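Enquirer: The lines below spell out each chain.
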Amino acid sequence: MSATLQRRPLVKKILAGADDNLLVLGGLGSSNWDITNAGDRPLNMPLWGAMGGTVPMGLGLALAQPTKRVLVITGDADLMMVVSCLATVASQQPDNLAICVLDNEKFGETGNQASHTSPRNNGPTNSGSGADLALIAKGCGIADTATVREESDVPQLVKDLRTKKGPVFRLVKVMVEKLEFVMPPQDGAHLKDRFRQALLGRP
Amino acid sequence: MQQGVTDWRDQIFEVLQDHDIKQVYHVPDAGHSRLIEACQTSNSIRTIALTTEEEGIPLAAGAWLGGQRSVLLMQSSGVGNTINLMGLTKTLRFPFLTLITMRGEPGEFNSWQYPMGQGTPKVLEAMGVLVMSVDKVEDVKTTVDHAARSAFNGGQAVAVLLRQKMIGIKDFGKKTA
Chain A
76 MSATLQRRPL
86 VKKILAGADD
96 NLLVLGGLGS
106 SNWDITNAGD
116 RPLNMPLWGA
126 MGGTVPMGLG
136 LALAQPTKRV
146 LVITGDADLM
156 MVVSCLATVA
166 SQQPDNLAIC
176 VLDNEKFGET
186 GNQASHTSPR
196 NNGPTNSGSG
206 ADLALIAKGC
216 GIADTATVRE
226 ESDVPQLVKD
236 LRTKKGPVFR
246 LVKVMVEKLE
256 FVMPPQDGAH
266 LKDRFRQALL
276 GRP
Chain B
730 MQQGVTDWRD
740 QIFEVLQDHD
750 IKQVYHVPDA
760 GHSRLIEACQ
770 TSNSIRTIAL
780 TTEEEGIPLA
790 AGAWLGGQRS
800 VLLMQSSGVG
810 NTINLMGLTK
820 TLRFPFLTLI
830 TMRGEPGEFN
840 SWQYPMGQGT
850 PKVLEAMGVL
860 VMSVDKVEDV
870 KTTVDHAARS
880 AFNGGQAVAV
890 LLRQKMIGIK
900 DFGKKTA
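Chains A and B supply the protein sequences, listed in that same order.
Per the numbering used here, the first sequence runs over residues 76 to 278.
Per the numbering used here, the second sequence runs over residues 730 to 906.
None of these hints come from the bench; they were simulated from the model.
It is possible that part of the hints are untrue.
[What the hints assert, rightly or not] Taking lysine-lysine and the DSBU-like style, the derived pairs with C-alpha atoms no more than 30 Å apart in a straight line are:
| id | chain 1 | residue 1 | chain 2 | residue 2 |
| --- | --- | --- | --- | --- |
| 1 | B | Lys819 | A | Lys267 |
| 2 | A | Lys267 | B | Lys751 |
| 3 | A | Lys213 | B | Lys751 |
Predicted model only: the values in this text are computed from it and were never measured.
Bound conformation, chain B alone (with noise of 0.2 Å):
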């Protein structure tokens, strides 16, 4: 992190708040985490662990119908688990944000991650999602709150990717041989 510029989870806590987003659904995530305790203790905001990120979707549509914002926090792996449901913001044409931290990017160590994280722009893209994303922490208040904007204001369905090179690369602490 970066003298002087806060925390990334941070300032995206305050995007929020100031869009006035009341759920927020997410699977456990390492990346996200100092954000979803940051929800968790919120009074304003209702947090809710997913089984599977497919849910979000149709808890998205929910709470719009029930006239309440929300977002989605998930890794790049979780996406796949989305895309049929994903279809939702297209046909009932429902404000969708998500915001989604990389795995599978250059610099990964686990070859596992690849597959999804390598897809994920194209398939989100591929369902009419908008696509944004971030590499450096001092364009992260700006790009989510682009994003929120998009989504509340413009309508639309959105995704930030937060890009493996700012938020790190996951190595487990220790070198592969």
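If we strip away everything but chain A, and leave its shape as in the complex, we get (with noise of 0.2 Å):
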């Protein structure tokens, strides 16, 4: 089943009308270039890097913030490096935080060479494992997970992102596409220091 749906007017209507409640942390590579695209701001740290660090750094940031919605958006193979960080998530069970991975089963970013979720037995050159990261969330213990796969679906997708008692796990599928780069700052100390200075008013 080849996905249909496209990563960037979806992820803007994820985030539309996002206001200072709403902490975004866009993984490296696409979801970075996408949550950028959709109106770089302030609360938003898009990580150039640190692969496999995205979703535990999206719990330290619930936790510490409990009245605030923190919303991971990033992409399979990242969520995949460090996957057990699910279960970890599921320990503390943060009811702020949802995780958004956008899976188009490639490595993107180097070409996109098959990723882990890929269907097995696809040539010698495009299997991956078939592995389902909704599944996996599922097995670490996060109750609320679903996998996404219709433009139909997504007004509720957007609505459990930004309001459903979290955690709230959401796979998405979405097609393989050639996209410009949308760039924030990189500086990862003007990042952060901006972050911190829109939300706790001192960087």
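Hints in hand, dock the two standalone chains.
Expert: Structure representation (structure tokens):
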């Protein structure tokens, strides 16, 4: 079943009307460009590296700011790298944390090689393991998981990610596309300081 | 333990409270266990068991983004797991504190502990972490306090190595043949 959802308009819908109560982390690569394309803002923390670290960073932030909504948007391979962090999330049950994994079944930044979420037996150069991250999340103890493939499910997806009691985990199957880079500032200390200034009133 | 000197883990717990640490990350560790239990039963500290030490670095970054101080407790054998993400302390320039119980130092019975134990200070220094060390119970409180000041006031990434000379040599209660 090939994916039909396009990540850029999807992320725009997810982040529409973002206010000071919404703290957003974007994983390295495409997810970073996606959240930036939706509108760069101080309460976005777009990562340029730290692969495997996006979900744990979201957890630390969610626990520190229990009255704010924390939304992690990242790719399948970023999560897969330290996938056991989902068990750590489940152990803490942060009710303000939502995780949205944009799964294109490819390593997009390195030339679209098949990632582990690609189907098996798809030829010698294009086979993954058929890994199902929603199932893995459930297995790690996150009760509220779902997979989204259809445009008709997007309004509910947006609502769940923005408002439903967490931890919420949503796996969204998205198309493989060639998209332009939409880059936020790169300096990590600047990104951190502007985030803290907007959130806490001090860098 | 010397008479009149409080257990090193209790001393560290006091320092963590003095510095308003709100999140404590750990993996199971015999050396730290008494400290971990003190944190788990504290009302002011959130204690989080990790699946791998690697999680501790981005967790600490996230906590700092949200205005909270944290500490990562680990063994020297876990330090290698953190090294790539340890780079976050440089790129984001956020305060970071880790307390490391050492293995693989002179007296260690388990040969498998030597490579990472001996490599620990070198790889931390290679990643720009300020490495401090304590091998006497009477120095624990001051050293960890200074480390916390360097981290949270001075904005540094700091590791304190709790040397085997102080914490004791693990021998599983038996002599090797």
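Enquirer: Is Lys267/A close enough to Lys751/B, meaning Cα to Cα at most 30 Å?
Expert: Distance of about 19 Å is within 30 Å: holds.
Enquirer: Holds or violated: Lys213/A and Lys751/B, Cα atoms, limit 30 Å.
Expert: Status holds; Cα separation ~28 Å.
Enquirer: Holds or violated: Lys819/B and Lys267/A, Cα atoms, limit 30 Å.
Expert: Holds, because 12 Å separates the two Cα atoms, which is no more than 30 Å.
Of the numbered hints given earlier, the model fails none.
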